[in-house]
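Visitor: Hey, can you work out the whole structure from these sequences and the hints?
2 protein chains.
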Amino acid sequence: MLKIDSSRLLGDLRTLRSFGATGPGVVRLSLSPVDMEARRWLVERMTDAGLDASIDGVGTVLGRSRNAGPALLIGSHTDTQPTGGWLDGALGVIYGIEIARAFAECDETKHFALDVASWIDEEGTFAGFLGSRSFVANAGDASVDASIRTARSREGVLLADALKSAGLADVPRVRIDASRHKAYLEPHIEQGGRLEARGKSLGVVTTIVGIRELTLRFTGQRNHAGTTPMSIRRDAGAGLVAFIARMNDAFGQLADADTVWTVGRIELDPGSFSVVPGRAEMSLQFRDASAARLDAMERALAALIDDFNARDGVCVEIASSEPPEQPVVMDAALQAHLANAAEALAPGQWERMPSGASHDAQVIAHRVPASMLFVPSIGGVSHDFIEDTAEAHIVLGCEVAARAAADMLRAMHA
Amino acid sequence: MLKIDSSRLLGDLRTLRSFGATGPGVVRLSLSPVDMEARRWLVERMTDAGLDASIDGVGTVLGRSRNAGPALLIGSHTDTQPTGGWLDGALGVIYGIEIARAFAECDETKHFALDVASWIDEEGTFAGFLGSRSFVANAGDASVDASIRTARSREGVLLADALKSAGLADVPRVRIDASRHKAYLEPHIEQGGRLEARGKSLGVVTTIVGIRELTLRFTGQRNHAGTTPMSIRRDAGAGLVAFIARMNDAFGQLADADTVWTVGRIELDPGSFSVVPGRAEMSLQFRDASAARLDAMERALAALIDDFNARDGVCVEIASSEPPEQPVVMDAALQAHLANAAEALAPGQWERMPSGASHDAQVIAHRVPASMLFVPSIGGVSHDFIEDTAEAHIVLGCEVAARAAADMLRAMHA
Numbered sequence: 003m004l005k006i007d008s009s010r011l012l013g014d015l016r017t018l019r020s021f022g023a024t025g026p027g028v029v030r031l032s033l034s035p036v037d038m039e040a041r042r043w044l045v046e047r048m049t050d051a052g053l054d055a056s057i058d059g060v061g062t063v064l065g066r067s068r069n070a071g072p073a074l075l076i077g078s079h080t081d082t083q084p085t086g087g088w089l090d091g092a093l094g095v096i097y098g099i100e101i102a103r104a105f106a107e108c109d110e111t112k113h114f115a116l117d118v119a120s121w122i123d124e125e126g127t128f129a130g131f132l133g134s135r136s137f138v139a140n141a142g143d144a145s146v147d148a149s150i151r152t153a154r155s156r157e158g159v160l161l162a163d164a165l166k167s168a169g170l171a172d173v174p175r176v177r178i179d180a181s182r183h184k185a186y187l188e189p190h191i192e193q194g195g196r197l198e199a200r201g202k203s204l205g206v207v208t209t210i211v212g213i214r215e216l217t218l219r220f221t222g223q224r225n226h227a228g229t230t231p232m233s234i235r236r237d238a239g240a241g242l243v244a245f246i247a248r249m250n251d252a253f254g255q256l257a258d259a260d261t262v263w264t265v266g267r268i269e270l271d272p273g274s275f276s277v278v279p280g281r282a283e284m285s286l287q288f289r290d291a292s293a294a295r296l297d298a299m300e301r302a303l304a305a306l307i308d309d310f311n312a313r314d315g316v317c318v319e320i321a322s323s324e325p326p327e328q329p330v331v332m333d334a335a336l337q338a339h340l341a342n343a344a345e346a347l348a349p350g351q352w353e354r355m356p357s358g359a360s361h362d363a364q365v366i367a368h369r370v371p372a373s374m375l376f377v378p379s380i381g382g383v384s385h386d387f388i389e390d391t392a393e394a395h396i397v398l399g400c401e402v403a404a405r406a407a408a409d410m411l412r413a414m415h416a
Numbered sequence: 003m004l005k006i007d008s009s010r011l012l013g014d015l016r017t018l019r020s021f022g023a024t025g026p027g028v029v030r031l032s033l034s035p036v037d038m039e040a041r042r043w044l045v046e047r048m049t050d051a052g053l054d055a056s057i058d059g060v061g062t063v064l065g066r067s068r069n070a071g072p073a074l075l076i077g078s079h080t081d082t083q084p085t086g087g088w089l090d091g092a093l094g095v096i097y098g099i100e101i102a103r104a105f106a107e108c109d110e111t112k113h114f115a116l117d118v119a120s121w122i123d124e125e126g127t128f129a130g131f132l133g134s135r136s137f138v139a140n141a142g143d144a145s146v147d148a149s150i151r152t153a154r155s156r157e158g159v160l161l162a163d164a165l166k167s168a169g170l171a172d173v174p175r176v177r178i179d180a181s182r183h184k185a186y187l188e189p190h191i192e193q194g195g196r197l198e199a200r201g202k203s204l205g206v207v208t209t210i211v212g213i214r215e216l217t218l219r220f221t222g223q224r225n226h227a228g229t230t231p232m233s234i235r236r237d238a239g240a241g242l243v244a245f246i247a248r249m250n251d252a253f254g255q256l257a258d259a260d261t262v263w264t265v266g267r268i269e270l271d272p273g274s275f276s277v278v279p280g281r282a283e284m285s286l287q288f289r290d291a292s293a294a295r296l297d298a299m300e301r302a303l304a305a306l307i308d309d310f311n312a313r314d315g316v317c318v319e320i321a322s323s324e325p326p327e328q329p330v331v332m333d334a335a336l337q338a339h340l341a342n343a344a345e346a347l348a349p350g351q352w353e354r355m356p357s358g359a360s361h362d363a364q365v366i367a368h369r370v371p372a373s374m375l376f377v378p379s380i381g382g383v384s385h386d387f388i389e390d391t392a393e394a395h396i397v398l399g400c401e402v403a404a405r406a407a408a409d410m411l412r413a414m415h416a
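Which chain is which? The protein sequence lines are A and B, in order. The first sequence stops at residue 416 when you use the working numbering, and every number in between is there. The second sequence stops at residue 416 when you use the working numbering, and every number in between is there.
Keep in mind the hints are simulated off the structure, nothing from the lab. Remember, predicted model here, so these are calculated numbers, not experimental data. For glycine and all other residues, C-beta sits at the position ideal for the given N, C-alpha and C. Be careful, since some hints might not be right.
Estimated spans, in silico, between C-beta atoms of each pair [as the list claims (entries may be wrong)]:
id: 1; chain 1: A; residue 1: I388; chain 2: B; residue 2: G381; range: 46 to 56 angstroms
id: 2; chain 1: B; residue 1: A148; chain 2: A; residue 2: C317; range: 45 to 55 angstroms
id: 3; chain 1: A; residue 1: L12; chain 2: B; residue 2: S233; range: 29 to 39 angstroms
id: 4; chain 1: B; residue 1: I380; chain 2: A; residue 2: T221; range: 12 to 22 angstroms
id: 5; chain 1: B; residue 1: S233; chain 2: A; residue 2: T221; range: 27 to 37 angstroms
id: 6; chain 1: A; residue 1: T221; chain 2: B; residue 2: A247; range: 20 to 30 angstroms
id: 7; chain 1: A; residue 1: G315; chain 2: B; residue 2: A413; range: 42 to 52 angstroms
In silico negatives: residues of chain A with every beta carbon more than 12 angstroms from chain B [as the list claims (entries may be wrong)]:
id: 8; residue: I6
id: 9; residue: R16
id: 10; residue: M38
id: 11; residue: S155
id: 12; residue: E157
id: 13; residue: A162
id: 14; residue: K184
id: 15; residue: S292
id: 16; residue: A304
id: 17; residue: D333
id: 18; residue: R412
id: 19; residue: M414
Guide: The following block contains the structure:
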């Protein structure tokens with residue numbers, strides 16, 4: 003009988019929390035001394051769980067089952083944001099270790115190959131998703147080597163130097179074993195308030211949403227705020243505000259309940275009481291599970307820009323944009339295993355949902371069928387010291403993940 | 003025959019421009035060495051014009067006619083903004099000197115008492131309107147003394163120390179002579195684009211507008227921009243944008259063609275692509291010639307705030323506000339003299355208009371009937387190195403001011 007030991011699970015989560023503990027939160031930036039300490043502790047816990055574990059050349063901890071494949075890989079990350087919570091990433095890694103232990107203790111599952119990973123630098127202290135990118139990189143792909151040579155932290159530390167300081171300069175990087183790794187499961191906290199708002203305990207992720215990110219710049223005419231009548235103003239800030247209203251209408255027409263768009267930053271120039279702004283900038287990010295909808299929103303934005311420039315005294319242009327992140331669909335069969343396990347252990351308490359946040363799973367999914375399971379975040383809060391999840395949800399999530407993992411491996415052997 | 007010497011007028015303006023010249027602009031901050039040099043030059047030019055001139059204990063230059071009163075006082079300021087233009091203030095002071103010379107050269111006007119002033123620190127390097135405030139201060143009013151003791155420049159220099167460095171520490175302050183000073187005229191550049199837009203050459207100022215200035219703070223809930231559905235967001239930035247739209251509607255209902263309102267600064271917190279803003283702030287300034295309309299706008303704003311807080315997940319409050327500046331009406335009889343002179347010398351090329359900017363005239367008006375005459379600003383630009391006015395407009399403005407000044411003095415003697 004496959005059984006999670008909830009006190010062992012919670013104990014390991016609490017021990018991991020102690021590395022970098024800061025009040026209720028955790029500061030454990032990738033490759034920092036305390037992060038490396040935590041990684042050495044993870045190697046110990048994985049070894050105790052019967053895995054062959056080590057830290058690779060970028061800092062990823064991989065614990066390999068001694069059983070022959072096909073293998074399920076369970077992973078997430080244990081590095082944190084500058085003001086991180088205790089569960090973001092950590093949850094999925096400790097779930098993997100606990101499930102490996104539970105598998106070993108159960109006759110029916112003890113021959114299954116379950117590998118566990120803590121990918122380095124999901125949070126991008128140096129280069130986001132470094133560990134998962136390195137793991138799935140094809141032979142000819144030099145992008146990870148380029149990151150290692152050129153990426154720097156916000157404080158200006160070169161990734162290559164950080165790896166040297168961590169003692170990893172000459173350590174080989176682990177790569178995917180395509181003949182072995184047949185499925186990936188990343189359990190994670192939701193980091194949003196949707197499950198809580200809907201009174202659910204579990205989320206089976208359908209898609210990791212795609213992201214578009216750009217900066218819009220508005221150009222008008224800087225003027226004296228007292229002597230310039232409204233009728234002859236070309237107020238870049240007022241233009242920006244009017245543009246947002248039109249954009250909200252246009253995006254609202256295209257959106258479904260999960261589509262999100264965010265203006266996170268606005269700046270008016272020169273930014274004083276008595277001057278009509280001559281320039282204004284805003285950041286715009288929109289996310290959706292559908293590539294087609296993202297494209298439609300992009301087209302709507304382009305049409306709005308054209309229309310705005312044809313009509314108004316203020317001009318708008320896209321000042322810069324990030325490369326698009328496309329939506330990544332989770333594997334349907336793996337989703338079904340998660341859904342079955344959730345329904346068995348928590349009937350009616352789960353739902354399918356997109357992931358609005360980015361995860362290592364979207365990188366791994368390029369080479370391995372991938373899946374994600376969410377547990378609720380209290381108050382929807384994450385990337386904050388007060389991030390938390392109810393203990394009952396932490397335990398339930400691990401039980402569902404373990405049951406689904408066994409089903410996934412059974413299906414691989416079928 | 004009263005006659006302006008246009009080359010003498012323009013010559014003096016150009017000489018004054020040379021004190022602090024910076025490219026096409028002027029940097030002549032109150033009480034700086036170059037400002038004091040310019041003041042000593044002004045004393046010379048006033049003396050040459052037959053006036054008894056000196057620099058007073060705050061830096062104001064006053065040139066007193068030797069003729070008995072009643073007197074007309076013509077004044078403005080010769081200090082500049084940190085990036086000032088050559089005509090802002092300087093125009094009115096040199097007009098005064100040229101008109102004093104023209105009066106002396108004309109049998110009909112040579113017995114009129116015309117005093118000329120360059121008020122210190124209109125631009126507020128230390129304390130805005132210091133010179134005119136000091137001039138009109140009542141015996142019991144200690145506010146100027148308080149400014150001298152406590153006001154500091156942006157660089158932290160105490161006004162008292164700057165006066166000491168300028169050699170003015172023990173010099174008496176000139177005060178209004180209520181039995182002599184019966185009218186005030188301040189010719190000035192418009193600093194806006196209204197006259198130019200309407201193809202006019204002169205503006206007779208009806209009112210110096212009142213100003214309300216405040217900061218609005220919006221409070222919502224900071225959230226992850228990917229994981230927080232639109233339906234449960236409390237986006238402080240989106241709230242701010244919605245509020246501005248409602249405010250534009252409400253103010254638009256109350257406004258006349260001269261009412262202005264400006265959102266010059268917007269800040270979203272924390273101000274990043276991926277975070278739904280939890281807090282947002284905006285500056286708001288509105289100006290109007292009617293105290294009743296300013297009050298109505300204030301009431302409309304309060305109603306909008308109440309309505310917004312009753313309806314939305316985001317709250318708004320007035321975080322801070324400046325003391326209100328009330329509109330100051332220009333003297334009707336003096337306006338009529340300016341209008342008559344303008345119509346005589348430039349028929350159909352003038353109009354009555356409010357001043358959207360603040361001026362020493364609004365301070366002087368508390369003790370002396372006051373008036374202002376505007377000449378157009380090219381492109382409406384002021385407080386900028388490229389500030390300029392067509393030579394023909396500079397000369398016409400002085401001719402109209404001289405004719406009106408003579409009429410004002412004639413009326414005083416009638």
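Visitor: Against the earlier hints, flag every one the structure doesn't satisfy and list their numbers going up.
Guide: When the structure is compared with the hints, none of them turns out to be violated.
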